[in-house]
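From first to last, the protein sequence lines are chains A and B. Heads up: the first sequence at position 123 corresponds to 123 in the working numbering, and the numbers run straight through without jumps. Heads up: the second sequence at position 87 corresponds to 87 in the working numbering, and the numbers run straight through without jumps.
It is possible that some hints are incorrect.
Given that identical chains are not distinguished, each listed pair holds provided it fits within a single copy or across any two copies.
As the list claims (entries may be wrong) - Within a straight-line C-alpha distance of at most 25 Å, the following computed DMTMM-like cross-link-like pairs (lysine to aspartate or glutamate) qualify: (1) 20 <-> 87; (2) 50 <-> 38; (3) 48 <-> 62; (4) 130 <-> 5; (5) 34 <-> 46; (6) 118 <-> 62; (7) 9 <-> 144.
Worth flagging that the hints you see were computed from the coordinates, not collected in a lab.
There are 2 protein chains.
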Amino acid sequence: MTELDDLIKHLSMLPSVGPKSASRIAFFLVGSQKGFNESLSRLIGEIKEKVFPCPICGSYSETSPCPICSDPGRDQSLLCIVEQPQDVLTIQSIGAYNGLFHVLGGTLNPLEGIGADKLNIRSLVERVEKGSFKEIIFATNPTEEGDTTALYIKRLLERKGDFIFSRLASGIPIGGDLGFASRNTLMRSLRGRTTF
Amino acid sequence: MTELDDLIKHLSMLPSVGPKSASRIAFFLVGSQKGFNESLSRLIGEIKEKVFPCPICGSYSETSPCPICSDPGRDQSLLCIVEQPQDVLTIQSIGAYNGLFHVLGGTLNPLEGIGADKLNIRSLVERVEKGSFKEIIFATNPTEEGDTTALYIKRLLERKGDFIFSRLASGIPIGGDLGFASRNTLMRSLRGRTTF
Numbered sequence: 001m002t003e004l005d006d007l008i009k010h011l012s013m014l015p016s017v018g019p020k021s022a023s024r025i026a027f028f029l030v031g032s033q034k035g036f037n038e039s040l041s042r043l044i045g046e047i048k049e050k051v052f053p054c055p056i057c058g059s060y061s062e063t064s065p066c067p068i069c070s071d072p073g074r075d076q077s078l079l080c081i082v083e084q085p086q087d088v089l090t091i092q093s094i095g096a097y098n099g100l101f102h103v104l105g106g107t108l109n110p111l112e113g114i115g116a117d118k119l120n121i122r123s124l125v126e127r128v129e130k131g132s133f134k135e136i137i138f139a140t141n142p143t144e145e146g147d148t149t150a151l152y153i154k155r156l157l158e159r160k161g162d163f164i165f166s167r168l169a170s171g172i173p174i175g176g177d178l179g180f181a182s183r184n185t186l187m188r189s190l191r192g193r194t195t196f
Numbered sequence: 001m002t003e004l005d006d007l008i009k010h011l012s013m014l015p016s017v018g019p020k021s022a023s024r025i026a027f028f029l030v031g032s033q034k035g036f037n038e039s040l041s042r043l044i045g046e047i048k049e050k051v052f053p054c055p056i057c058g059s060y061s062e063t064s065p066c067p068i069c070s071d072p073g074r075d076q077s078l079l080c081i082v083e084q085p086q087d088v089l090t091i092q093s094i095g096a097y098n099g100l101f102h103v104l105g106g107t108l109n110p111l112e113g114i115g116a117d118k119l120n121i122r123s124l125v126e127r128v129e130k131g132s133f134k135e136i137i138f139a140t141n142p143t144e145e146g147d148t149t150a151l152y153i154k155r156l157l158e159r160k161g162d163f164i165f166s167r168l169a170s171g172i173p174i175g176g177d178l179g180f181a182s183r184n185t186l187m188r189s190l191r192g193r194t195t196f
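Excised from the complex, chain A in its bound form (with noise of 0.2 Å):
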């Protein structure tokens, strides 16, 4: 395997990128700066070293630890748990959420094998033991591993202490059309209807 192809082969595993897109990406690479490439390479190579997941509430981070934990002007009453790192910043960047976070890693799911000792549980339910939250929301995705996962740790929590549990509302996206919302989008938004 020539060089060329062997990096259009590691393209096409990182997600999101197809092969027609790795090849497009490599002949990009092979016309672009020589500096660009040299930065690339490197910020590649050490992101594993100067990125990795908060020893308290398992988002990735540069610090430990991560900049949410350690900010005490953050409601540490709320706390919001996600599936993964990136789902911390898609919520930041809305900014309208201004408590605690913590990134279970995935979701249970029994036929891949994934029980509830391969996600970041068992800190969880420490951290919830030890904390001071009142409100515990839900924000894994709206799927059935989401809300299986969701259901099961909200078993786990009610026996720690008298929680409010809340999770994202689910329904027809704005800008959205009905006609194209599924049978479960349209069940779960007319269930979760409000007044106005």
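Chain A is already provided as a structure; the job is to place chain B on it using the hints.
Then chain B, alone, in the frame of chain A:
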């Protein structure tokens, strides 16, 4: 700027990688195997040394001249002119062309200051003068720039010998729908209609 932000910024400069894909890839790299990141980093860092333009046809290669130019088994009477090195791969992948290639490196674009001197046109003229080509196939894109560039080169080469000039057929894509074809595509496919 953190290392993660810097990595996302670099990744989003790659072709066909938008800001959302760039963060998805960056998070994937934080969580992936160290060995994978090291290989990818090395491949990106070295690719410009390993892969370079063939001095004859301008296509990217890891040998000089490239395997196509140095293959005596290919039809030395056929020359296919393309815009970019990846176009050589695209045409090679269908396995139906056995002639030689010439890569222009772009199209004429006076508004952006891309004149004939910025493209591999001089080397093309010299190659055609010295070679034994009978047919010259234009495989530039069916865009205004591609068409103009093909016409410009055709006029240059007409003075150099008695060649057959041809171009790839344009028309409705196989599996396509007349209703989705643009007026120009329909006009081109009508003019280029074939008997059956």
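Original post:
When the hints from earlier in the document are held up against this structure, which numbers fail?
Top reply: 4, 7
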